[in-house]
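Numbering (the working numbering), first residue to last: 1 to 291.
Don't read these hints as lab results, they were simulated from the structure.
You may find that some hints are simply not true.
[As the list claims (entries may be wrong)] Calculated lysine-lysine pairs in the DSSO-like style (CA-CA distance at most 27 Å, straight line):
1. LYS207 / LYS157
2. LYS55 / LYS30
3. LYS193 / LYS242
4. LYS147 / LYS242
5. LYS147 / LYS207
6. LYS15 / LYS30
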Amino acid sequence: MSRLEQMRIYAEVVKHGNFTAAARHLGISKQLVSRRVMELEERLGARLLQRTTRKLSPTELGRVFFTRCQSILQEIDEAEQEVASSTGELRGLLRLSAPVSFASMVLSPALNRFMQLHPNLEVALDVDNRVVDLVGEGYDMAIRITKQPDEGLIARKLADSALAYCCSPSYLAQHGAPQSPTQLGRHRCITSKAGEWLFEDAGELLKLQVHPVLRSNHGEVMCEAAIAGLGIVGLPEFYVRKALETGALVQVLQEYTADIGAVYALYPPHRQASLMVRSFADFLQEWFRAA
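Let the sequences and hints guide you as you build the complete structure.
Okay, structure coming up:
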């Protein structure tokens, strides 16, 4: 039994907080994950995990060992990538994190093309709207839409991101277009669960609470509702780009559009030496520039 395999499995259990999620991430059975962790504890003669009915958490010794495991595994990955990069081919595992809808609607085509160009590359893409800890959770890169990238991370800007307020032509014909944000009180609105919309007026940021006919935490659902004529929707531009191009949606209140930041590829400084990470960041910048 490889010590490195035990360490990698243990590290994934700590990162995911349970055997099931770790097994899913590793592509092996839950039983094998549990057995390998038990073998590791027996070999070390120490308990690394506190097991409760709700979750797993590392013991004090387990936290120390996890930190060392992360460092060792990272050094091994970087050593392998350095050797592989000397041949000019991208090899190894690229660990990515991206928001749910952005990953499916925007990132996926770019990632597919990158992998076609580099057939020896493996990718593990975690699609989640939470803000991951790149270093602590072992990610090579995260894609985020933000106004302020995290300090301590290298930020490669991919594209601007603004809010777009849209409705269908049929809604526009029936209800007319609002001429200012204050007129939205007379309109049917489709919003996120927060129900707060952002606008800019003469350089000032306006926050307006609207009363929606539909609330959802899923941007694609909101976009489809607007296409169906249910009301005005406010979403980041990438959600509605295709619908605007086809005429299924019409943009309103354009002069009040609020900038919500930009799309960034973020990675830790120690990953700057990785040809794999740099190549993917370069590729994404070119992809978005050409879009």
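Cross-check of the supplied hints:
Of the pairs offered as hints, the one joining LYS207 and LYS157 holds, with about 26 Å between alpha carbons and a cut-off of 27 Å not exceeded. For a cut-off of 27 Å, the pair hint linking LYS55 to LYS30 stands: about 14 Å separates their Cα positions. A threshold of 27 Å between alpha carbons decides the hint, and for LYS193 with LYS242 the separation of about 24 Å falls inside it, so the pair holds. For a cut-off of 27 Å, the pair hint linking LYS147 to LYS242 stands: about 24 Å separates their Cα positions.
Restraint check for LYS147 and LYS207: satisfied, since their Cα atoms lie roughly 16 Å apart, inside the 27 Å limit. For a cut-off of 27 Å, the pair hint linking LYS15 to LYS30 stands: about 15 Å separates their Cα positions.
When each numbered hint is compared with the structure, no violation occurs for any of them.
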